[in-house]
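Residue numbers (this note's numbering), protein chains in the order written: chain A, 379 to 476; chain B, 379 to 476.
It is possible that some hints are incorrect.
A pair counts as met if it fits within one copy or between any two copies, since identical chains are not told apart.
[What the hints assert, rightly or not] Okay, derived cross-link-like pairs now, DSSO-like style, lysine-lysine, Cα gap no bigger than 30 Å in a straight line:
id, residue 1, residue 2
1, K469, K433
2, K392, K440
3, K469, K440
4, K433, K392
Derived from the structure by calculation, the hints contain no laboratory data.
2 protein chains.
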Amino acid sequence: MTENQEHKHDHEHKHRKQIVNRLARIEGHLRATKEMTAAGRDCSEILLQIAAVQKALDNAAKLLLKDHLESCVVKAIHNGNEEQVLSALNKALDNYIR
Amino acid sequence: MTENQEHKHDHEHKHRKQIVNRLARIEGHLRATKEMTAAGRDCSEILLQIAAVQKALDNAAKLLLKDHLESCVVKAIHNGNEEQVLSALNKALDNYIR
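Pulled out of the complex, with its shape left as it was, chain A reads as follows:
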């Protein structure tokens, strides 16, 4: 099992922990926004909070992508299996950048 996981992802991303922490903070922010909505708070305020959550998600995605480029992609190219990694990355980017 460990061997298999290592085969799938045998390196550590520099900012993984930082990205997890950011996503946890965004989750808390979204929970607070949900509670504001349930409490009947003003629509403009809720919209501002949703925009802030979106902005924070953009920044988390940007950090994730930079991390990915620095580790997975460079490594995959060294190992000669760039096609699969680049195809997955392109698909993710197509979905991400609207």
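With chain A held as given, fit chain B onto it using these hints.
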């Protein structure tokens, strides 16, 4: 207290409960994405999930905005205090639409 709240927001939005439910689902989706990241899952997969969360937030914001237009804004204009409501809404839109 209740009187003051009623003064601030004395009507019910048609889709408030639905928006709260959507935000709760998005919160769960984001939590799962955070756990995927912590588990070291593939970056492309995480990016796809973040994109899906963003898309769902866009749709929740759209529903919120439509609700707001149908209730608060129309009502505020009837009551003659449209300037304040429209200014808050414009600010929210400026922040929301990037």
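Status of the hints after comparison with the structure:
1. K469 - K433: Result: close both inside a copy and across copies, 22 Å intra and 16 Å inter.
2. K392 - K440: The answer is within: 14 Å in one copy meets 30 Å, while 36 Å across copies does not.
3. K469 - K440: both (16 Å within a copy, 26 Å between copies)
4. K433 - K392: both (22 Å within a copy, 28 Å between copies)
Hint check: no violations occur; every hint is consistent with the structure.
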